[in-house]
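These are the residues of each chain, in order.
Protein chains: 2
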Amino acid sequence: MSTSTFTIAPAQGGVTAPAGFSSAALHCGIKAEALDLAVLAADGPASAAGIFTTNLVKAAPVLLCQSHLTRTAGHARAIVVNSGCANACTGDAGAKDAIEMARLVGDALGCDPHQVLVASTGVIGVNLKMDALRTGIPTAVRSLARGKGGDAARAIMTTDRAPKEQAVSVTTAAGTFTVGGMAKGAGMIEPHMATMLGFLTTDASVEPALLQRALVDVAKETFNAITIDGDTSTNDSLFGLASGASGVVIDEAGYGALVAGLTAVAHDLAMAIVRGGEGATKLIGVHVHGAAQESDARQVARTVANSLLVKTAIHGADPNWGRILAASGRAGVPFDPLKAVVHVGDVLLFENGLPHDDAAPLAAQYLMGDTIRIDVQVGEGTGEATVWTCDLSAEYVRINGEYRT
Amino acid sequence: MSTSTFTIAPAQGGVTAPAGFSSAALHCGIKAEALDLAVLAADGPASAAGIFTTNLVKAAPVLLCQSHLTRTAGHARAIVVNSGCANACTGDAGAKDAIEMARLVGDALGCDPHQVLVASTGVIGVNLKMDALRTGIPTAVRSLARGKGGDAARAIMTTDRAPKEQAVSVTTAAGTFTVGGMAKGAGMIEPHMATMLGFLTTDASVEPALLQRALVDVAKETFNAITIDGDTSTNDSLFGLASGASGVVIDEAGYGALVAGLTAVAHDLAMAIVRGGEGATKLIGVHVHGAAQESDARQVARTVANSLLVKTAIHGADPNWGRILAASGRAGVPFDPLKAVVHVGDVLLFENGLPHDDAAPLAAQYLMGDTIRIDVQVGEGTGEATVWTCDLSAEYVRINGEYRT
Numbered sequence: 166m167s168t169s170t171f172t173i174a175p176a177q178g179g180v181t182a183p184a185g186f187s188s189a190a191l192h193c194g195i196k197a198e199a200l201d202l203a204v205l206a207a208d209g210p211a212s213a214a215g216i217f218t219t220n221l222v223k224a225a226p227v228l229l230c231q232s233h234l235t236r237t238a239g240h241a242r243a244i245v246v247n248s249g250c251a252n253a254c255t256g257d258a259g260a261k262d263a264i265e266m267a268r269l270v271g272d273a274l275g276c277d278p279h280q281v282l283v284a285s286t287g288v289i290g291v292n293l294k295m296d297a298l299r300t301g302i303p304t305a306v307r308s309l310a311r312g313k314g315g316d317a318a319r320a321i322m323t324t325d326r327a328p329k330e331q332a333v334s335v336t337t338a339a340g341t342f343t344v345g346g347m348a349k350g351a352g353m354i355e356p357h358m359a360t361m362l363g364f365l366t367t368d369a370s371v372e373p374a375l376l377q378r379a380l381v382d383v384a385k386e387t388f389n390a391i392t393i394d395g396d397t398s399t400n401d402s403l404f405g406l407a408s409g410a411s412g413v414v415i416d417e418a419g420y421g422a423l424v425a426g427l428t429a430v431a432h433d434l435a436m437a438i439v440r441g442g443e444g445a446t447k448l449i450g451v452h453v454h455g456a457a458q459e460s461d462a463r464q465v466a467r468t469v470a471n472s473l474l475v476k477t478a479i480h481g482a483d484p485n486w487g488r489i490l491a492a493s494g495r496a497g498v499p500f501d502p503l504k505a506v507v508h509v510g511d512v513l514l515f516e517n518g519l520p521h522d523d524a525a526p527l528a529a530q531y532l533m534g535d536t537i538r539i540d541v542q543v544g545e546g547t548g549e550a551t552v553w554t555c556d557l558s559a560e561y562v563r564i565n566g567e568y569r570t
Numbered sequence: 166m167s168t169s170t171f172t173i174a175p176a177q178g179g180v181t182a183p184a185g186f187s188s189a190a191l192h193c194g195i196k197a198e199a200l201d202l203a204v205l206a207a208d209g210p211a212s213a214a215g216i217f218t219t220n221l222v223k224a225a226p227v228l229l230c231q232s233h234l235t236r237t238a239g240h241a242r243a244i245v246v247n248s249g250c251a252n253a254c255t256g257d258a259g260a261k262d263a264i265e266m267a268r269l270v271g272d273a274l275g276c277d278p279h280q281v282l283v284a285s286t287g288v289i290g291v292n293l294k295m296d297a298l299r300t301g302i303p304t305a306v307r308s309l310a311r312g313k314g315g316d317a318a319r320a321i322m323t324t325d326r327a328p329k330e331q332a333v334s335v336t337t338a339a340g341t342f343t344v345g346g347m348a349k350g351a352g353m354i355e356p357h358m359a360t361m362l363g364f365l366t367t368d369a370s371v372e373p374a375l376l377q378r379a380l381v382d383v384a385k386e387t388f389n390a391i392t393i394d395g396d397t398s399t400n401d402s403l404f405g406l407a408s409g410a411s412g413v414v415i416d417e418a419g420y421g422a423l424v425a426g427l428t429a430v431a432h433d434l435a436m437a438i439v440r441g442g443e444g445a446t447k448l449i450g451v452h453v454h455g456a457a458q459e460s461d462a463r464q465v466a467r468t469v470a471n472s473l474l475v476k477t478a479i480h481g482a483d484p485n486w487g488r489i490l491a492a493s494g495r496a497g498v499p500f501d502p503l504k505a506v507v508h509v510g511d512v513l514l515f516e517n518g519l520p521h522d523d524a525a526p527l528a529a530q531y532l533m534g535d536t537i538r539i540d541v542q543v544g545e546g547t548g549e550a551t552v553w554t555c556d557l558s559a560e561y562v563r564i565n566g567e568y569r570t
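As they're listed, the protein sequences go chains A and V. Under this note's numbering, the final residue of the first sequence carries the number 570; numbering is consecutive throughout. Under this note's numbering, the final residue of the second sequence carries the number 570; numbering is consecutive throughout.
If you are wondering where the hints come from, they were derived from the structure by calculation, not from laboratory data. Computed from a predicted model, the values in this text were never measured in an experiment. For each residue, glycine too, the CB sits at the ideal point set by N, CA and C. Mixed in with the good hints there might be a few duds.
[Unchecked claim] Calculated pairs, DSS-like style, for lysine-lysine (alpha carbon to alpha carbon, straight line, at most 25 angstroms):
#1 A/K294 with A/K196
#2 A/K504 with V/K261
#3 A/K261 with A/K196
#4 V/K261 with V/K294
#5 A/K261 with V/K504
#6 A/K261 with A/K294
[Said to hold, decoys possible] Quick look at which bits of chain V chain A covers, simulated, 3 or more residues with Cβ under 8 angstroms:
#7 264 to 275
#8 334 to 342
#9 395 to 406
#10 483 to 494
#11 512 to 520
Can you build the whole structure from these sequences, using the hints too?
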């Protein structure tokens, strides 16, 4: 990051908080009831960036977005999002449907359809109700306005317990710009369902390549540092749009401020996804330090965060350092267990190869809270990383094990 | 494997079914009640082999066994096993306790203590009650006898729902030998608990190096092909002892028969561990084929078998091919999802990029059973592998999330 100075302050309005963006949301008929269609539009061509699922099984809209971003060299006018259907594993028909969604928006907005990005979330293996979209999309585009970001955040929900939106303003020597965002995701929700979607907007002026770089840097510490159940969806997408409407130009000198602003929004959205995880009652931050390098620390943190035994122990407020240590030890990263140190909150539970079981009652008390920090030191190196997860409850099993009716 | 012909038949008696072995079991006081100490002894020095946890955090008895097997070049007279305490993360005191356990057996049997192997299972981070063992071990050694393998299998249990033992006889051109075995393990059981222990005996005459090779080959398709929750314990150990008492000498020509006999016993024990997994109601075999190589197939199978979403779906009898495909796609093995084929039992659910949802009711019916086969074809290669797991139930969360009292 650069050394530019800047300040960050809360702002209102989610994805339409930054100037140059409008949104619309409505119920078009993909779901039985509830909002199921959102359009997010820029007043003119915006710089656009995207990060997509690494799963080999990619939904049709993911493949379409990758193609469009390449073709336009990182420019977009709008993103159209439906909930209730993931348009994944839908074959050639699904690919055509995604193309038609972009065309419907392009026709209504009067722009090149390649400048439209598409996201879908919901049931896998079911085709989109295109009749509903053929009516819904033009209607939505006609109602685009600022100040309706909250409805868009609701329209992209599946079984999320609450909408997730956030905005901040960033003041730098070059002026003030705003960053907004919305996201959805709660694990795998309906049967056949799989998605995390994130949308970040800013009215800063950012070249597409720089915006993409910022999006990757931001995702690494936010959306890519969370895990609910270790399963990677077919539809995961994170979008960044920069309208330039604030007149604040971000170059290398302003890069740190841009990343900080995007991170402030993305971090809050990512934490909201974890807190809203299926059956979750606690947010758990697993911090690993002392590794030889950051990637090692991240690998250990991710293994601990995905351990069923750690997640169930935390759910039960059990200060089970043995499970934390055992998960760390199978992460594939070499370290000397005799030099490992395990804390839960500020409570030291394991050091010099020996437990501090006298501290267990204090740690158990701490684990009754809803925000938990686990700290594992694996050596004397400088590598550190944090991965966020939630606890594993019987409710998670109920949600994901109920037979579809 | 060699091409020697042989036949396998069931036998009775667990670890003492093969000639040349005796066992004893008693309650020495590590647990409040119930058998907690077992000794398995060979009449004379036996060939010995062992495979131990790959976790960096290794319990004291694991480190001791590795040292003893190296020092004796693969020979042992006895294995002493306690349940109720894992002797893991117990520092120097724990290492001394493991050494004393071996010495107590050596003194009672009149053999070199380095020819004694040690295994412990139970709570992590708690020291052994050595007073109980100082009385119990000599008493156990005095009562060594054949025909008591069942008691030994019970004495190594923690919260296993049932003892696990098995034996077969193998008839080859060179004569008949017997293979016996016992095992324990049900996931992570008590708070702070972590272990799978397996013990295989045979009265064939096998050089230590060949026995070790056989143990590795056998474990690959049995104990190392199962997963309950993806967590690797600090105490996992699999032992092989060959007494030679049958007079049947196993060399390269007989290697196939040895592996087949050991596999017959180990497979049954491994399946019993999975069926007895914490909260488990179903045994699930995930078979992956068509990969470029076996290791690729195994990696995909393991990822599917450890997917919480797949395990909860099977628990709920939900024929959720989308979760199976999505888990396959994130396994890190390249394949073309359009060519993937997913079956549940004999029911085709996904092919040519498209679902067969008309078959879902049939698949749901199949998933009501207690033995489930999932089959994923990922290409046209010859690599295939099967990984066994169990379903994930709310009961698993209850068992592992209850706060220690």
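- Message: Closer than 8 angstroms Cβ to Cβ for three or more residues is the test here. Does the stretch 512 to 520 of chain V pass it with chain A?
- Response: Three-residue rule met by the stretch 512 to 520 of chain V, so holds; n is 5.
- Message: For a C-alpha distance cap of 25 angstroms, please report whether A/K294 and A/K196 respect it.
- Response: Status holds; Cα separation ~10 angstroms.
- Query: For the stretch 483 to 494 of chain V, does the count of residues with a C-beta closer than 8 angstroms to a C-beta of chain A reach 3?
  - Reply: Check passed, 10 qualifying residues.
- Are 3 or more residues of the stretch 395 to 406 of chain V near chain A, judged by a Cβ distance of less than 8 angstroms? Coverage by chain A holds here, the residue count being 5 at a Cβ distance below 8 angstroms.
- Message: A/K261 and V/K504 were given as a pair; does the straight-line alpha-carbon distance stay at or below 25 angstroms?
- Response: holds (20 angstroms)
- Per-stretch coverage check for the stretch 334 to 342 of chain V, three Cβ contacts closer than 8 angstroms to chain A: n = 0 at 8 angstroms, threshold three: violated.
- Holds or violated: are the alpha carbons of V/K261 and V/K294 at most 25 angstroms from each other? Holds, because 12 angstroms separates the two Cα atoms, which is no more than 25 angstroms.
- Message: Hint check: A/K261 vs A/K294, CA-CA at most 25 angstroms. Holds or violated?
- Response: holds (13 angstroms)
- Assess, step by step, whether the Cα of A/K504 is no farther than 25 angstroms from the Cα of V/K261, and give holds or violated. holds (20 angstroms)
- Message: Can you confirm whether chain A covers the stretch 264 to 275 of chain V, using C-beta to C-beta distances below 8 angstroms and requiring at least three such residues?
- Response: It is violated, with 0 qualifying residues against the three required.
- Query: Holds or violated: are the alpha carbons of A/K261 and A/K196 at most 25 angstroms from each other?
  - Reply: With a Cα-Cα distance of about 21 angstroms, the restraint between A/K261 and A/K196 holds, given a limit of 25 angstroms.
The structure fails hints 7 and 8 (numbered hints given earlier, in ascending order).
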